[in-house]
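Input sequences plus hints: build the corresponding full structure.
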Amino acid sequence: MREIVLINITGEDRPGLTAAITGVLAQGGVNILDIGQAVIHDTLSFGILVEIPSTEQASSVLKDILFTAYKLDQQVRFTPVSEEDYQHWVAGQGKKRHIVTLLTRKVTAEQLQRVSSITAQYGLNIDHIDRLSGRMPLDTPADKGKGCIEFSVRGEPADPQALRAEFLSVAQALNVDIAFQEDSLFRRNRRLAVFDMDSTLIEAEVIDELAKAAGVGEQVSEITERAMAGELDFRASFKERLALLKGLDVSVLDSIGASLRLTEGAETLFAELKRLGYKTAILSGGFTYFAKQLQAKLGIDYVFANELEVVDGKVTGVAVEPIVDAQRKADLLKELAHKEGLRLEQTIAVGDGANDLPMLAIAGLGVAFRAKPLVKQSAKQAISTLGLDGVLYLLGFRDRDGQL
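Quick note on numbering: UniProt numbering labels position 121 of the sequence shown as 121, and the sequence is numbered without any gaps.
In silico PhoX-like cross-links for lysine-lysine, where the CA-CA straight-line distance does not exceed 20 angstroms: (1) 212 x 239; (2) 334 x 380; (3) 274 x 292; (4) 297 x 279; (5) 212 x 246; (6) 279 x 334; (7) 339 x 279; (8) 274 x 297; (9) 314 x 239.
What follows is a set of in silico ranges between Cβ atoms, one per label pair, in the way DEER data are often shown: (10) 239 x 377: 23 to 29 angstroms; (11) 292 x 45: 48 to 54 angstroms; (12) 36 x 88: 15 to 21 angstroms; (13) 40 x 20: 18 to 24 angstroms; (14) 29 x 83: 17 to 23 angstroms; (15) 11 x 108: 23 to 29 angstroms; (16) 226 x 108: 33 to 39 angstroms; (17) 23 x 77: 18 to 24 angstroms.
No lab work stands behind these hints: they were computed from the structure.
We put the beta carbon where it would ideally sit given N, CA and C, even for glycine.
Okay, here's the thing in structure tokens:
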């Protein structure tokens, strides 16, 4: 009668251990049903589920494994598994899988406890836990740290919206980001990433900077704030703000462009996306004049933004159609996906304002970046703790995968 046994081996990691253990199993004609291995701080945890052809062989094989492990200074444990339990385990392989991603400046036990408790509460079983972020020195400044833990979970929550709401609540309480997404083929096969510009790729709202130069800074900033929060129609508010810039001398554009700062992580993100073969685009309610500068700096493939009309060296304050508003952004995302021969599931959209919500909603991965509460609640995913390169973690990218 065949025997099914789970073999767990722990101890100091060393070269050749896996070969030695599987060599013993090979001599006993053993079949491998499952296998997994992890090394944390040079300590090995190695599990292997085996089918041994007969009870007589089992005794000999397990004795040889015990002797080999002893020689290698490893601890070993054997757990018998019934055929009924094994078949139940096999039957579970059709269950949906999801990825829960924790992003934080510094990983703490409380963060992991809260995330794992919520997953258990909603009937999700954690299969794997991986650290995607690199090793951080102990004295890393609080605002410079970068931590990411990825949980691979099995099952389907009865109420996905309630699960997301609870993750969002915990994220706000602990000042972390928690993403929850289906672990599908498309997650690892995305090829187009589109971005808002103002307060997403750059740390400013350009129209507010232009308004300051025109002497109407407070008026325009107030309108911008309400528009980004979804309190005002973007299209109408854009025309209203632009009209206030009438007469602004075009000479100020260069100085404002030179003062704009890229958002944390932007250069890393675009360098890696380019290396991975992604097409990238700016879809902005801002101005083409400044978007073109970013295109040159970051190597962006497409730019769609609003034209700043200038006559006789002065801004006219008149909007040039078509205005890139919320619906236009979503339409452009569809057009670019079609042009590149991609499904929408293969696209990423990142933005911070209410006018970004339509494109975030239809993208395969929609990320609200350092966004207002309304936008964070409405978007599929949100990043507020880390920089733009945190988007890479949502793709399963590890720091060690990078070439920067």
